[in-house]
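*Asks:* The residues making up each chain are set out below.
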Amino acid sequence: MNRVRLFLLVSMLLVAVPAGADILVVVNPDSGIRTLSRSDAINIFMGRYRKLPNGGLALPVDLVSLKPRFYRALVDKNLAAINSYWARLVFSGEASPPQQSQSAADVHHLLAHNPNVLGYVDSETAWDDLRVVLTLDE
Amino acid sequence: MKRLWFARLSPRRRRRTRQRSVGSGPAGSARGENPRLGLTALGLVSWALCLAAPIPSAFGHPLDDETRLRFSGFGTLAAVHSDQANADFVRDISQREGAGDGWSGKTDSLLGAQLGYRFTDELDVVVQGLSRYQESGHFEPELSWAFVRYRPDPAVQLRAGRLGWDVYQLADSRYVGYAYNWVRPPVDHFGTLQLVHIDGADVTFKQPVGSDLVRLKLYAGRSDSEIYLTEGLSAEFDVDQVYGGNLDYETGPWRFRVSYTQIHSDVDYRGPVADAIERVPFANLDPNNVLGDVFGFDRITLFSLGALYDRGPLTVQAMVNRSKVTRYEGQIDSGFVSVGYRVQRVTPFVMMSKVKTTSTHPDGSDIDQQTYSLGARYDVAANLALKAQLDRIDTRSPGFLWRDTDSDWRGGWSSVFTLGLDFIF
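If you read the sequences in order, they're chains A and B. For the record, in the first sequence the residue sitting at position 11 is 13 according to the numbering used here, with numbers rising by one throughout. For the record, in the second sequence the residue sitting at position 86 is 137 according to the numbering used here, with numbers rising by one throughout.
What the hints contain is simulated information worked out from the structure, not anything from laboratory work. Treat the hints with caution; some may be incorrect.
As the list claims (entries may be wrong) - DSSO-like, lysine-lysine: derived pairs with alpha carbons at most 30 Å apart: (1) A/Lys53 with A/Lys69; (2) B/Lys268 with A/Lys53; (3) B/Lys405 with B/Lys268; (4) B/Lys375 with B/Lys407; (5) A/Lys79 with B/Lys375.
Said to hold, decoys possible - Simulated restraints, written as ranges between beta carbons of each label pair: (6) B/His315 with A/Ser39: 41 to 47 Å; (7) B/Ala427 with A/Thr127: 34 to 40 Å; (8) B/Ala427 with A/Asp32: 47 to 53 Å; (9) B/Gly153 with A/Ser125: 53 to 59 Å; (10) A/Asp32 with B/Ala211: 34 to 40 Å.
To be verified - A few chain A residues that don't get close to chain B, going by computed Cβ distances all over 12 Å: (11) Asp24; (12) Asp32; (13) Asn85; (14) Ala89; (15) Ala106; (16) Ala107; (17) Ala114; (18) Asp124; (19) Thr127; (20) Ala128; (21) Asp131; (22) Arg133; (23) Thr137; (24) Glu140.
Beta carbons: idealized from backbone N, C-alpha and C, even for Gly.
Construct the complete structure from the given sequences, taking the supplied hints into account.
*Replies:* Structural data, given as structure tokens:
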């Protein structure tokens, strides 16, 4: 009987805890951007084409602690593959990688002060003053 | 392990020191064992940098509070083993001497450092220095890029100064080993490239088409370089015009490129072979005319196609190029196909490449060879990759892609094994 209860309890816990939280791409509401397509996000974060839907220059910011999960969700690549990709662009002078931010508070600060900044956060980080423009499932 | 590689460097080089006077200028007499010293120093510096650096999630180091000034770099420490006793293996035709049978560290080892300063989001400058085994026969650093970049709009980029020669996909990052899976870009395809950088300007336009992207780059400038045809004959290019462009189409994981380039140069042939022509009695020959007539390097046209598929763990890459020279309908055809598949930290890959030159000149020294490569990249950390690669090279005619070739060597199979360590910081 105890075993059955334990089994039920564990099953419920497994169902209740999501496999992984989603990652949200966020902007300053003043940017006027409502949504961003996945290919826009790839173009901007991978340095291919950094134009926002509102016509402005996109300034992407990487959150270092979330970076491996973000790029896994965005382009299915690990950090080494992302660095390898950027090594080609940086050392041929073609493009520069996103600015690197050490903490979510830094990302928030940049977003709050510049409507051209694009950042990403864990879906568990709730920031009411920012707008979610894309949700990446993990 | 690393010390072992160094200890074994080029013991058989010594018997060839008499040939070191070949080539250009005053540096000749002072060469001696410089390559080896240079390499050891390079290795020590790179190791110090590697060990000192923490494992970063990105590379590059801001040197001020506002992250306007950034320092970054790349390097490769590699040892090549060749079993070919009749000729020496080179990475490209700028290398005067190659790797003989046994181990050699100079073919692929290099170190690059880059400094960038951002004035505004639109305007920045980039300076890069590169130390590799090059034309001079040692590792003296050269200024590889130094340019101002202006991006008035996300769709337009202008650059002026010293720029990488973006003649075809990967050409302007061919020394950045960390950026690709191989130990070196395929020699058959990249080994015959004549220039590393140009002094001039380029402009890039980007235009989205739905979710696809069209990218057009045009460039023009001048340059100079030196290539070796044999250890006893080099061609010094004084390029007064190099111009061209490439058109990219990016759709999903695909990236296609078409390129066209023209190079106009004055070519000065040097070395004992050129001297011998000049000394032919009563003929009064100008080696530049005689050799220029054979090689026709004063005007080169390159056409190139490239395709890259990069999705998740899978990378497939294919390129073809045709270079035409002015005399005797001379042309260089080359191409390669490579497939890599990443499994966690390991990326095994296979590659096949081919190069063939043709000319109607009766004495032309044609190149005809193909290479089958098998290897793997192991990502030790997000800034450090260890690589191993085996090349089986089927040479039907060595032409100028090998060095110190025995006069009776017509070709055959060679095995070249390379162990390399690529890093960025």
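*Asks:* Each hint: holds or not?
*Replies:* Going through the hints against the structure:
1. A/Lys53 with A/Lys69: holds, 21 Å
2. B/Lys268 with A/Lys53: Given that 30 Å is the threshold and the Cα spacing comes to 18 Å, the pair holds.
3. B/Lys405 with B/Lys268: Holds, because 27 Å separates the two Cα atoms, which is no more than 30 Å.
4. B/Lys375 with B/Lys407: holds, 12 Å
5. A/Lys79 with B/Lys375: violated, 39 Å
6. B/His315 with A/Ser39: 41 to 47 Å: The hint (41 to 47 Å, Cβ to Cβ) holds, given that B/His315 and A/Ser39 are roughly 45 Å apart.
7. B/Ala427 with A/Thr127: 34 to 40 Å: holds, 38 Å
8. B/Ala427 with A/Asp32: 47 to 53 Å: The hinted range 47 to 53 Å holds for B/Ala427 and A/Asp32, with Cβ atoms some 49 Å apart.
9. B/Gly153 with A/Ser125: 53 to 59 Å: This hint holds: roughly 58 Å between Cβ atoms.
10. A/Asp32 with B/Ala211: 34 to 40 Å: Given range 34 to 40 Å: holds, Cβ gap about 35 Å.
11. Asp24: Its Cβ never comes within 12 Å of chain B, the nearest being 19 Å, so this holds.
12. Asp32: Holds, because the least Cβ-Cβ distance between A/Asp32 and chain B comes to about 18 Å, which exceeds 12 Å.
13. Asn85: At roughly 5 Å from the nearest Cβ of chain B, A/Asn85 sits no farther out than 12 Å, so the non-interface label is violated.
14. Ala89: Violated: least Cβ distance 4 Å, not greater than 12 Å.
15. Ala106: Answer for A/Ala106: holds, closest chain B Cβ roughly 15 Å.
16. Ala107: A/Ala107 is indeed farther than 12 Å from all Cβ atoms of chain B, at 17 Å.
17. Ala114: At roughly 18 Å from the nearest Cβ of chain B, A/Ala114 sits farther out than 12 Å, so the non-interface label holds.
18. Asp124: holds, 16 Å
19. Thr127: Correct as stated: the minimum Cβ-Cβ distance to chain B is 18 Å, above 12 Å.
20. Ala128: holds, 24 Å
21. Asp131: For A/Asp131, whose nearest Cβ neighbour in chain B is about 24 Å away, the distance exceeds 12 Å, so it holds.
22. Arg133: holds, 21 Å
23. Thr137: The claim holds: A/Thr137 sits with its nearest Cβ about 18 Å from chain B, beyond 12 Å.
24. Glu140: holds, 14 Å
Taken one by one, the earlier hints fail for this structure at numbers 5, 13 and 14, listed in ascending order.
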